[in-house]
Every structure is written in C-alpha cells, then in structure tokens.
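Protein chains in written order, with our numbering: chain A, 1 to 326; chain B, 327 to 690; chain C, 691 to 1054; chain D, 1055 to 1450; chain E, 1451 to 1740.
Bear in mind the hints are in silico, worked out from the structure with no lab data behind them. There are no misleading hints in this set.
Derived pair list, reagent style BS3-like, types lysine-lysine, alpha-carbon separation capped at 30 Å:
{"hint": "1", "chain 1": "B", "residue 1": "Lys442", "chain 2": "A", "residue 2": "Lys228"}
{"hint": "2", "chain 1": "B", "residue 1": "Lys456", "chain 2": "A", "residue 2": "Lys228"}
{"hint": "3", "chain 1": "C", "residue 1": "Lys874", "chain 2": "B", "residue 2": "Lys564"}
{"hint": "4", "chain 1": "A", "residue 1": "Lys228", "chain 2": "B", "residue 2": "Lys454"}
{"hint": "5", "chain 1": "C", "residue 1": "Lys780", "chain 2": "C", "residue 2": "Lys818"}
{"hint": "6", "chain 1": "B", "residue 1": "Lys416", "chain 2": "B", "residue 2": "Lys458"}
{"hint": "7", "chain 1": "A", "residue 1": "Lys228", "chain 2": "B", "residue 2": "Lys441"}
{"hint": "8", "chain 1": "C", "residue 1": "Lys928", "chain 2": "B", "residue 2": "Lys564"}
{"hint": "9", "chain 1": "B", "residue 1": "Lys648", "chain 2": "C", "residue 2": "Lys1012"}
{"hint": "10", "chain 1": "C", "residue 1": "Lys928", "chain 2": "B", "residue 2": "Lys510"}
{"hint": "11", "chain 1": "E", "residue 1": "Lys1471", "chain 2": "A", "residue 2": "Lys228"}
{"hint": "12", "chain 1": "B", "residue 1": "Lys454", "chain 2": "B", "residue 2": "Lys416"}
{"hint": "13", "chain 1": "B", "residue 1": "Lys416", "chain 2": "A", "residue 2": "Lys228"}
{"hint": "14", "chain 1": "B", "residue 1": "Lys510", "chain 2": "C", "residue 2": "Lys1012"}
{"hint": "15", "chain 1": "C", "residue 1": "Lys822", "chain 2": "B", "residue 2": "Lys564"}
{"hint": "16", "chain 1": "A", "residue 1": "Lys228", "chain 2": "B", "residue 2": "Lys458"}
{"hint": "17", "chain 1": "C", "residue 1": "Lys928", "chain 2": "B", "residue 2": "Lys648"}
{"hint": "18", "chain 1": "B", "residue 1": "Lys458", "chain 2": "C", "residue 2": "Lys928"}
{"hint": "19", "chain 1": "B", "residue 1": "Lys433", "chain 2": "A", "residue 2": "Lys228"}
{"hint": "20", "chain 1": "E", "residue 1": "Lys1471", "chain 2": "B", "residue 2": "Lys392"}
{"hint": "21", "chain 1": "C", "residue 1": "Lys1012", "chain 2": "B", "residue 2": "Lys564"}
{"hint": "22", "chain 1": "C", "residue 1": "Lys874", "chain 2": "B", "residue 2": "Lys648"}
If you're wondering where the values come from, they're calculated on a predicted model, not measured in any experiment.
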Amino acid sequence: MSEATTEQEKTAREAKPPKRRKRRVGGGWHIFVFIAPAVLIYTIFSIYPLVESLRLSLFDGLDDGSAVWNGLGNYVTLLFNPTWATQFWNALWNNLILFFIHMVVQNPIGLLLAALLSLAPRFGSTYRTLIFIPTLLSVVVVGFIWELILSPLWGVSETLLGAVGLAWLYQPWLGLESTALTTVSLISVWQYVGIPMMLIYAALLSIPDELIDAARVDGLNGWWIFWKVKLPLILPTLGIVAILTYIGNFTASFDLIYSIQGALGAPNYSTDVMGTLLFRTFFGQQLQIGDIHMGATIASMMFFIILIGVTIYLVLVQRRLQRYEM
Amino acid sequence: MSDLVLKDVRKAYGEARVIHGIDLDIRDGEFVVFVGPSGCGKSTLLRMIAGLETVTGGDVIIGGEKVNDIVPADRGIAMVFQSYALYPHKDVYGNMAFALRHAGEDKAVIDERVKKAAEILGLEALLKRKPKELSGGQRQRVAIGRAIVRDPEIFLFDEPLSNLDAALRVQMRVEILRLHQRLKTTMIYVTHDQVEAMTLADRIVVLRDGRVEQVGTPLELYHHPCNRFVAGFIGSPKMNFLAIDPIDDGRRVRYRQSAPIDLHVKTRSGAVPTEIGIRPEHVRLVEPGKGAFDGTVFVVERLGGETFLHVDFGHEEPFVVKADGGVQLRSGDVVGLVFPAETLHLFDAEGVAFEQTERHALLG
Amino acid sequence: MSDLVLKDVRKAYGEARVIHGIDLDIRDGEFVVFVGPSGCGKSTLLRMIAGLETVTGGDVIIGGEKVNDIVPADRGIAMVFQSYALYPHKDVYGNMAFALRHAGEDKAVIDERVKKAAEILGLEALLKRKPKELSGGQRQRVAIGRAIVRDPEIFLFDEPLSNLDAALRVQMRVEILRLHQRLKTTMIYVTHDQVEAMTLADRIVVLRDGRVEQVGTPLELYHHPCNRFVAGFIGSPKMNFLAIDPIDDGRRVRYRQSAPIDLHVKTRSGAVPTEIGIRPEHVRLVEPGKGAFDGTVFVVERLGGETFLHVDFGHEEPFVVKADGGVQLRSGDVVGLVFPAETLHLFDAEGVAFEQTERHALLG
Amino acid sequence: QDATLTIESWRAEDQAIWDDVLIPAFEASHPGIQVDFAPTAPTEYNAALNARLDGGTAGDLIVCRPFDGSLALYQRGHLADISDLDGLDNFPDFAKAAWQTDDASASFCVPMASVIHGFIYNADAFAELGIEEPGTVEEFFAVLDTIQQDGTYTPLAIGSADQWEAATMAYTNIGPTYWNGEEGRQALIDGSAKFTDPQYVRPFEVMERWADYMGRAFQAQGYTDSQNLFTLGRAAIYPTGSWEIGGFNDQAFFEMGAFPPPVEAEGDTCYISDHTDIGIGMNTATDNPEAARAFLEWIASAEFAQLYTNALPGFFSLSNAQFEVEDPLAQEMISWREECESTIRVAHQILSRGEPNTWNNMWTVSANVFNDAATPAEAAAALQQGLEAWYEPQQN
Amino acid sequence: MTNIASTGRARAGRARGLSTKAAVHTVLLGYTIIAIFPVILVILNSFKNRRGIFSDPLGLPRGETFSMEGYATVLTQGDFATYFANSIIVTVSALFLILLLGAMAAHALAEYRFRLNTLLGIYLILGIMVPIRLGTVAILELMVDLNLVNTLLALILVYTAQGLPVAVFILTEFMRTLSRDIKDCARVDGLSEYRIFFEVVVPLIRPVLATVAVFSMIPIWNDLWFPLILASGDATKTVTLGVQQFIGQYTVNWSAVLASLSIAILPVLGLYALFSRQLIAGITSGAVKG
Ligand SMILES: Nc1ncnc2c1ncn2[C@@H]1O[C@H](COP(=O)(O)OP(=O)(O)OP(=O)(O)O)[C@@H](O)[C@H]1O
Ligand SMILES: Nc1ncnc2c1ncn2[C@@H]1O[C@H](COP(=O)(O)OP(=O)(O)OP(=O)(O)O)[C@@H](O)[C@H]1O
Ligand SMILES: [Mg+2]
Ligand SMILES: [Mg+2]
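Using the sequences and the accompanying hints, generate a full structural model.
Written out as structure tokens, the structure reads:
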C-alpha cells in the first residue's frame, strides 16, 4: 500500500460516472402491500362471513326462510326462556368444567413432560415426536379408537386394567352421566397435550444455564430449582397456554365431543358444550330444523364469553406475569 | 482454613479431553486469577472447583477434605457469573436471601446478613428493585452480594465484569479489590482482561489448552515470563517479538546486519536464543541513526496521557512503542529505536525463555 | 466531493424529542467520531445521516445536495453495524456482493471489487464460509468489507467493535485506521470507547442529551475540554475533580486549608472557578509533606508498564494517580501529591471551563 | 336432451346399489339423462344440505327425511311442489302424508321406502336354548330370562350410548302397542292425550325392565357395538328395524328370525312402527327440472319399487304396486303389515316442530330410562313438559 | 457456616442422580406408551377384518383375523390417490399462503410504525375467537359468486383465512425480536422494502415459519366440514372426506375406515417431520414471547 495506489484509488473514485437519478423515499405503499393481502383474504373469507352470521342473531326467522328484525330478542330468549337458558347454562358450565380439567390435567402433564424433556435425556426428540403424534390425528380416529378402548364389549380397558389387577375399577365411563364429561376431557387431553408440552419445553430451553448453575451453588436440587427458579420464569408462557386452552376449549372441543358423544352431548346432555349446542341449533339435528338466528345468537354469546375471558386475562393476569429478560 | 488444592485434575467430555491434569495450590485468603485464551478451560476448571462439573480424574481438595463428590452448595463456595445470573423474578433482597432461605436459615439472621452485604456494596436503597430495574453495575453488585451473604470460604468469579462497559469495569474492579481486602476470603477469578488480571491477582495462573503454563505474581509474569506464550499474553499492548541471529554461542545476538547486542542471560546447554521480545514501554526512541534500527512511524495513537506509535522497520510485524502523551512525532516520521539490553526477553526455538541475570533490578 | 453538513437537525419520536438541533460540518475525507453517554442520540444521528430515520427538522446535506428525502442506498453512504448484521444465509462472498448484485452491477466488476476488498481485509481464504463459521473479528471484517465494496463516499460505523473482545478490538481499531488512511473516505464513527475515539478521530464530537457539547481534535478535547462534562468524559482513567475555594477573585484557589495555588487563566466576568480537575497522569508524587496534600495509598493497581494508585486524602472521592510501572509504593503508604498548575483544569459553578493561558505549551 | 342429475342423500352405504343397480336401470330407459348419487355422511347431512341449498350448490334431487325436516325445506322454497307428478297416485295416503303440507294440499317428495320396527333374533341360539318367538310381553321377558340364565348370550343387544336407539328401537318400537298406534299418535297431536297418560308411560316401564337384560355396561355401548355384538353371535335378540337386514345378511353367520313387538295379552291387536323414512324430491333450483321430474316419475314406478326393495332388503317400497320381496327376513317383516296395525314414529309429525324438540327429548329421556337416570314417570313428564312449552293444543 | 457434607451423603447424592435418570425415562416412556398405544391399536386393527377387530382388538393380526381387505377397499373404491393429492395440494397451498401472507402482515405490523398498527393487529387476531364454520353459508354464497365451488381453491382460500390469525399472532411477536440492524443494512444496500422482506427477513424466520406450519397444518389436514360444503365433488374430495364414504347411516366399514385413516396419518407425519427439525428453535423465539 504505497501512496501511489491510494492516490490512484482516490482519483478513480472521483472519476466515477455520475450516479443515476437518486430515488426518494416512497410513501407508505409498501406497508399497504404487505398487509393488504392478508387483511383482504381474512376479511373476505373469515370476518365478512362471520359478521354476516352473527348479524343474524338480531333477526328472527320466519317459516319461509325470510327474517325480521328482532333486536336483542334472541338474546333475551337464550338467557331467559327456560328451554334455552337451561341448555345454554348447562353447556357453558360443561365448557368451564372442560376448561378446568384441561387446566389441571393437560397443562400440568404438558409441564411435567416438558420439564423432563428439558433435562435433555437420551432419545428426547424421539419422545417428543411420539408424544406429539396424537395431536396430528383426526378426531375420527381419536373417537373411534377411544370408544373401542373404553367400550365395555371389547374389553380393551378391562384387559389393560386387569393386567395391573384393577379390573374391578372398570366402568362404562363414556356412558355414565357422572363420568362422561371427564372422560371426554381426558381423551382431549390425551390428544392435545403435545401443544402445551412443546410451548413449555421451548420456554424452558430459553432459561439460561448460568441461572440454573447459580441455583445449584445456592444449594437447590433439581426439584427445587424447578419450583423456585424455572417455574416462575415460565409463568408468562403458562399464561399463554392457559388462554389458548380457554379459547380452544370453546372452539376446538366441539369436534371431539360431536364425534364421540353426538350432537346432543349424551348421556342426558352431560357432555353438551357450547359447540354442540351451537352446531345443532345452527345447522339442525334430525327433526330439529336449523335455526340460524338462535345459532348466531349462541355464537355471539360464545364470542363475548371468549372475549371477556381474554380481556380478563390480558388486564388482570398478563400484566402481573411479567416477562423476564433472561 | 480453606486452602484449595487441585491434584492432577482432569476433565474430558466424552472423547474430548479438555483439562489435562492440573496441579494447583491456593492458600487461604489468596486472590488467584486464571487467564488464558478463549477455550483453554478456565471456566471448566472453575466449574469443577464449584462442583458444577464432575471431575474426570484427580482430586479437588478444599480445607483438606476431598470434595469431588460433594454437591456445590456444601463446598463452602460462592460463585459470581458473567451474565450475573440473577433470579429475574426476585427482587434484590430476594436474590440475596435466596440461598439462605432455602437452607432454612433464621429470618433474623438472613435479614442481618443481607443488610450487611447490601451495605458493603452500597445496595441499601435498591433492595426492593427487580433485576431488570437495575443498571449493569448494580446487577453485578447484586450478584456479588448474593455470594457474600453465603459467607463462603472461597469466592469464584467467572468473567464477572465482561458484560459491563469500560468505565464501570474500572469501578467494579476496584470494588472487588476492596472487597477482598475487607473479607480476606480466598478468591478465584477468571478473566480475559489484562488489566483485571494484573491489578487484582496475588497470583496469576496462565492456562493454555487445559494445561498450566505459568503461575506467579503479576509482576513475576510481567518480568519473568517463562515462555513466549506467557510473554505475549501478559502485558498490553503486547510484547514485540523479533527473530534474531545468535552469535558467540548465544551470549550475544544480532538482528539482520545490526551491531551485536550484549546479553545477560543464564545460558542453558543445548539452547540458543533465536528470538527477542521487548515490551512497548521499554523501547526507547532516539534520533534516526542513533539507535539499533531506524523505522518509520505509520500510525500514531494518541490517548492523551500516552501515545502508541506503530513503527515499521521492515520487520514482518510493525513494532508498537509506547511514548509520552506529548510526543511530537507524526505519521511518516523516521525514528531510531533503542532496545535496552536489560529489558530484553530471550526465547529459544521452542519458545522457552532464558533467565536474565540483570532483570531483578527492575522488580518493584 | 462529499462534505457532510448537518443544519439544525432535529429528531422527535412523537412527543419525545431526542435530537435538539445539531449543526455540524464534516469535510471530505475526515474521520469524525461521535461519543457521548448511552442514550444521548449518537445512533439516532447516525441513522438520520444514513437515511434510516426521517429527519424531523433541519437538513442533511451531502456533497452540497440536500438528501433529507433520498433513500439510504442513494446517499453514497455505507454503514457498519454493531451486531455485524451479516446475512446469515449467505456466505462471505455473497454478503459482500449483495448490494452490488442488487444494483445490477456487472459480474466481473463485482468479482473484482469483492476480491479487492477481501484482500484489503485479509478475507481471501474465507470467501466461501457462512457467517456462523466465522470468528467475531472475521465477522466484523466481513461487515466492513461489505461496506467497502460499495465504494461509498461516507462510511458510517455504529459501535462496530463493541461486540469484540479486547485484543481483537485493538487489532481491528488499527485496521480501521489503516483503512481510512488508504481509502481517504469520510468516516463517521460512533463509539463508547475512549481509546477508539482518541486514536481514530480527526475530530471528536461529544454529544449529550441530543446536543453537541464540544467538537475538536482528540488532543483539543483532552487538553481543552470546554466544560466539566467533556473533561470527565474524555480520558481514562478519568480526570480527578476537587472542589476548591477561589481566592483573590479567582486568580488563585485553595483546597481546604492548603496553600493558595497560582492559576494562569483567562478570567471571565462574573465567574469564579469553584472546582479544579487534574488528570491522573499529571499528578506528581513526592515525599509526604512536600506536596500540596498528603494522602494514603489504599489500592495499588500494577499493570506492569504503569501503575494506578488510588490515593485517599479525605476528599469525597479518592484520587487516581498514574505512576510508573516500577513505582515502589504499597497499599497503606503515605504520599505527597503535587498538582502542577499548568495542568490544572478549572471550572465554574456551572461546570464551564476557564481557558488556561499556559496550556498551549502542552500541546503536541 | 343431455342432463346430469345429482342426488343428495345421507345413505352413504347405498352407493354401490345406486351405482350398480338403480342408476343403470334408469339410464337404460332414459337415454340422455345421467344420474350421480352423491351421499353425505348422515351426521352431517342436514347441515351440509342446508348450507348447500342456501348457497345454491345442492344437487338436483334431494333425498327427503320424513315430515317436518322436509316440510321446512319446502316452505323455504327449496323443494319443488310435485303434487301434479303422475306417479304419485301409486302411493297410499299415509305414505304421501310424510311429505305433504299439513293440509295435504301440496306434495314435495315421492315416497321411497319405509322401515318396519321389530326384533331380529339369532335363530340358532333360540334353537339351541329351545325357545320360541315370544308373542306377549310376559313371554318376551320369559325368553329373556331363559337366555340370561343360560349365560352364553347377552339377551338384548342394545345400548344407550348413542341415545337414538333407545328412542327409535325401544320406545317407538314397542310404544304403539300401548297407545294403539295411530290413535295414540293423533291424540297427542290434537291435544286430547298427554305423554303423562299411562299408555305413554307404560312403554318406559317395559324399557326399564329391559335394562337388566342388556349387555353389561350398556351405558357406553354404542349402536355399532350392538350391531357387532349381535352379528358376532354374542347376543340373542336385537331390537331394531328392517334396515339392518341387508347388513346383517352379509355379516351374521347364523340363521336369523324376526318377531314384531309383543302384545300385552294374547290376542290383542299388534301394532308395528312402519315408519315412512325416505322420500325424494326435487330441488327448485335445479337446472334440469324436466329430467328431474322424469327421474321422480321413475321412482314412483313399480319397476323402482321392485328393484329398490330387493336391492335394499328392509327398505320397503311404499308403492301400491305389487312387488316381490325375495329376502326371507324381509318377507317376514313386511308380512306384519297384514297382521298388525301400522303407525309411524310418534314424535315425527308436527310434535317436533318447536323448541325443545320432542324427538331430541325422546332420545335423551329414553336413554335416561335405560340408564336409570329417570323413572318412567319422570321421563314421560319431561316429554310432556317439553311439548307443552310450545305446542298450543297441549297447553290447556 | 460451611458444613461440608460427609462423603456418605454425597454418594447417596450420586445414586440419586442415577435413579433420577431412571425416573425421568420411566415417566417419559410411560407417557409415550400412553400416547402411541392407541395409535398402534389403530394401525394394528387396520390389518384385521371386522371380526378380528371386535373379537380381539388387542390381538395381533393372525391367520383368520388378518386381512388387507380394508386397504383393498380403500385402494379400489373411490379414487384415493386423487383424494391424497387433493389433501396435499390444499394443505400445502394453504400453508404456503398462510405463511407468506401471515409473515408479510406480521412484518408490516412489527417493522413499521403507522397509524392503524395496533388496531389492525387486534383485528387480525379476532378470528381466533369464533369458529369460522359459522360463516359457512356466507362463504358458500361467496364461492358460488366467485364460481369456485368444487374447486380446491375455495378450500385453500378458506383455510388461509382461518389460519392467518394464529400465524400473524405468533409471527408478529417473533418479528419484533428480529435484529433491526440487518434490515437497515439491507436498506443501505439499496434493497426495496419488498426485497428486504423476501431476501433478509424470510430466511431469518424460517424456524418460526416451521412452527406456524405445524400448528396450522393439523386443523387443515383433518378438516371435514369445508371439503363437504365447498368441494365434495369426486375430483376435489380430500382424504378426510373420502374416509367418510365408509361411514354409513347404519353400517360402518371399520376395516376400510381404519385402513384409510392409517394411510392418512402418513402425509401429516411426513410434513411434521419436515418442519419439526426447525420446530424447537422456532417456538423458542416465537410463540413464547407473547
Ligand atoms: N459440554 C461440553 N462438551 C464438550 N466440550 C466442551 C463442553 N464444555 C466446554 N467444552 C470445551 O472445553 C473447552 C474449554 O471450555 P471452557 O468453557 O472452559 O473455556 P474457557 O477457557 O472458559 O473459554 P472462554 O474464555 O471462551 O470462556 C473448550 O474447547 C470447549 O469447547
Ligand atoms: N423508536 C424510538 N422511539 C422513541 N424513542 C427512541 C426511539 N429510538 C431511540 N429513542 C430514544 O432516543 C434516544 C437516543 O437513542 P440512541 O439510540 O440514538 O442513543 P445512543 O446514543 O446510540 O445510545 P447507545 O450508546 O446506548 O447506543 C434514547 O433516549 C432513546 O430512548
Ligand atoms: Mg469461560
Ligand atoms: Mg447506539
């Protein structure tokens, strides 16, 4: 690097041909282009149809299929007409139980599995994949296989229970009013436990090793480290898992119950949830003619209930569960 | 008493051997600093002492007892981590009290100890804050406080200051030094930072590739590095090296066609010096032609109080010379360089240093 | 010609006003360094020059042309980021060639320019590697290389070395300096690091809270800080400050009961010096009783080539004194301190500096 | 003219019959018209059909559920008025009634078939145990006792998990015997009788007794479980309808017999539920009304009656036309039309028009009676209460 | 305060380490068995005839119970190859659109400050809260107007709309954590905002895209309703819908149902395997930072 070359470089640079016209900063068009397609498709194929449907809750249907304005009449019917109100509150209550069971069974199991997986045992990824498989199955498979397993006639569960000397414990769980809802919930837990497991696992992985080392030096063993260090740190993720569980419990639980227990939430409406009530009301069931107006009313109520839950979560819970920089 | 003795300590991760048998004897109350290039095993060694990593071979002995199988919490050590590793969900008080609470210590005792540590570290006003509401220096102080309350016999620090900015680093460095003076506890400190190592250590342990290269006081290492690696590693800016031709059986040397330079070294049979080293602060600048060599200044770094000159004299690597803040040289100037013989370091072809006979006069 | 002129440049994020009107004139080929405490707006200013942030008020003028509305790519600038910001999915060659390819440059031209930049930076052997296969220093070099190939009229660096370890930083610093000497391109460089600022800059711009505190060459700032803030900010270890009592209308001062010290300052009407500042390297150590004050050494930091003494003489903050590597003092020793009058800095109650009449003699 | 007609149906299992037998026969006689049978799974049929009709994508021909389900479609203008269709005269009034307006002024579907309820049994097992078809209720229970004591077979193959069997195969199967068929059904419609009257409670009481003879843990036994239980030879009696005949012929490896619902006392009139179950109508929105009408006329023909009844043993054509029934079991069941009075399922006409839906209710309460979750009186009361909630004739 | 434990206690500690390991594996293995036992049962029984399935559901297929009749039915009846192709086309296309449009929208929401930013963000995730099935009639009418009934495109559009909210939700959170420097660097390099998205942002978020893909894929692949309503024609049937033909009003062809469902697991499993390699890294930084 002698003076000569640098001089040369310098002149070369200055002798460069004039640049092409300089571009000016554009407006916000790119923002529009980025966001418009998603908003468009989403609005046309999701929001518009939903609004169209929910709008129906403000009308009352006539025999010939036409509709007349009914204001909040349908809501009044749903909440105060004994026929509707019983079904509505029963379904809502069942939903809450369903939610409760998922919260106390699915999420702790997910947490447990995630915690164990985060210890990086051998074959960890194999376990992870296998445990996630049920999540990938369609409810038709899930319904069939669990009905088969739990059916009194074919003896799968009795045989299995018998293998551990518990055959006497066997009950037709899916058929008893007292146990049907719990049983269906547990099947759903079985199917979906992979999702909280994955979410929590990922959260656990993001906890820095040094923090765990620090806790070990502080005298904590694995168990206490989990309770006193890891768990508090993943609380925000547990919060998200909870809210996803809450939403899913209203929207996704339907398929499984419909597939296993039918549209009436057998036995004796003990597994009837908002989803099944909504489905049979909206689309009809056997001799029951679909009533899109009452259906839409139920759907709107469901929307409000979810919204209330989410809002409560955001306002009361999320703010307290602070996310920690790690 | 809490002497720490490492006896032929080894570590392998599966096939990968990381620590190759380290013997070390650390006296109670000593401040020992581990230095060495990245990946040389400093952290691993520290973690083995802490009990966070199992020992593959050899013994770790604390206070006369072999602790290889003792859990970290029972070794009487406390550790301060590079990334602070504060519990983000606990406030300062909670962080400091954590270990004691877990050990089921009495509330009053905990309170007293935390308060005292907070006072030592000037954290009294911050006890209710969460870590994220603290500045880097404050976090570092809490991390140290958390170690203090455990009243350990040995403090372990793994690059505790490297996440701080330069100004804070200086400040925290002094704080740690004062802490050591006050507590008189054994401290083992890992760092990359020259200045930290030099200023903090009673003794420095220089590691390379899982082996100890040299152990000694900072000035021993500065003045009597036992080999080229240590010589180059200790001191900043680093030592300048120059390949030379030994003449007279290695009692004198010369560089290219320069005049022979007299040396004062203990010769070793079978070894002749092939390289000299000289620290930037020992090179003297003279008029061109008056020194051993002439060179061209091509970079002048003025720090105000001192100036670093990068001088090119056709040698592979330019020499760095440390000069006064007020030195009047500019880039392009030609200068003469003098290498005072008593400041020279000599290395044989294997990089092993020769012991200089006149060096001791330099020791402070 | 590519002078950069900032005219009353302002920036506000919504209500929050971050830059309060900055005027600056940067000549073609100059190396300007922005320094200032965290959050003072260095990055914001740089980003406005780059066009990454819109200007809320004032003009950015490059080569005589107002570029407020020109897209970053057409401003003739290149920027190097703290986090390297390499494209992780492209190899070194791809990273460097990216902008040119995008501009539709000729393949041969691209190849030539990339090769040349790689040669300048010693990256020839790494062209096929992905960023994740590079060390920190290599990544930083690629980031710079990517800027070089664009052949910009202005280089912008936003703390480009702060993610590197100390040794690499020194090395890269010199590389950047040589790069500037070689390319003679305007460079604007943001840093937190004292040494980088002092050694790299033709001129340093000291910012505080979105305002320029002082602009000048490193030594101007070192010797003639215009206020206490700049004085404390430039220089490491930092200047020692001491509150004093002015006597004789501020022509002389004294500290507590010490003998009055003569000053050589241009007095300003209505202002009297209330604080003196002295750099660690300007304090002279003498026998106890022979200096202005006696103090007790309580920390000795030996760096080998130099030694920092922390001396306590009952003043709020201990003084830091820079002494020889070989100084024989130990912790606990009592020393006398001398503050040579021509090295003193004086500040009034607002922190504004007085101009010293005898200071120029010090300038190199 | 070239036309393709699509048939909407919930009978997915009939695909092969339509493709292999019925459609070829029609196309042979009607060149230029092509027919496509496109069934939907029964659980989704109503919902999907409604959506398609509203969206205008439904098929040309629509297989009609009886009574109100289709009536609503007619009222909303989805089913065409086909009162003037030639072949419609071939059907008896009671058959046409299932697909007419309440005042019988308009017809909108051609009746296709009815199903007859009764009991199918494992004749081999009966022979083995030396028992005969029971004629009266007490004989019925005596037979069940015998089977129970033997222990080889589950006496009754029926469960309550799916609920609808309890209503369809138990309550409306044996009920007409007690409420005298049509008489009792009409009485409910005109409000002169209530579900709480004894004749409607008694069937529940009988069902309550059944529970002892149903498979163990029948609460979780679904419909397909019952089918499998019976066809695998593990149950003796299967309360059911004629629609099973086809499937059972394939699956069961033993001789089967059938008997109608037992009467209370020897010599009482027997009643059967001869339920008009399937009709077919025309989508008003069809592009090929002529072809569709031609198809409906063919459906009304004797040729179709013959083909259909024999292709799908157990689905009996409602046509007046003479047709041969070849399957012995089907023959047996259709022969009951001669001996017994016919009626249809009690909740299907008019009574399930409101909310709560009587038929849905009947599923639930019938299952509850099996499950011991309700006494017969409570079950009947629940039905009555539900009906009174909206049905005016019952409200005084 | 130091009380160095006796070596006895320490050894107990190590033994506990071993037994901890065993316990971890016991629990994981135990749950894994619970998770896949039913799945294995499905596959096992798909190789049996009806009698085999019901008289001995736990037994291995053997002599008189072994039967490929289910698979034979599936392969001969109906056009399962087409159904599979349809399912895969629909799932993959919808996933592609969800990821592309979702990522674009998320990028806009995370990268740019504009007036409607927050509002649009909320709007885009409202859809999570109501089952889209309710909008069936309006969707069908739309499709009729657009002449899309009985096309795969209709399904793709609906699934895209249905999957977007979750995708936008997760992706936005993740995009906020992306380094700003690298995008700025591309700006200085002269890339347009579009190319920055495609050439810089997309490669960086590949792992999160995989996560979103897995979460979005399941309901699409398994959906029965929209194929039934929008594309029930033989040429456009999906696998899930194809399986329905074996489920009648009164009779169910269990062998065929099980066989077809067993086959139907394979493609999702394949897709899952494809994405899952990236999955963990993805969730780590994406979903969790809600
Ligand atoms: N879990 C592990 N498995 C395999 N090798 C490891 C493991 N942990 C560390 N190593 C290797 O051991 C060597 C020493 O690592 P160590 O962390 O002790 O280095 P260090 O001196 O602390 O480096 P640094 O200054 O970068 O922190 C390195 O080569 C590293 O790659
Ligand atoms: N997008 C933004 N919205 C609001 N305030 C901002 C934004 N970006 C930066 N600021 C504020 O502007 C000020 C200047 O920020 P800037 O990043 O320029 O500081 P800096 O000098 O580069 O600091 P550092 O040394 O920490 O990098 C800070 O107070 C910061 O909080
Ligand atoms: Mg380390
Ligand atoms: Mg910055």
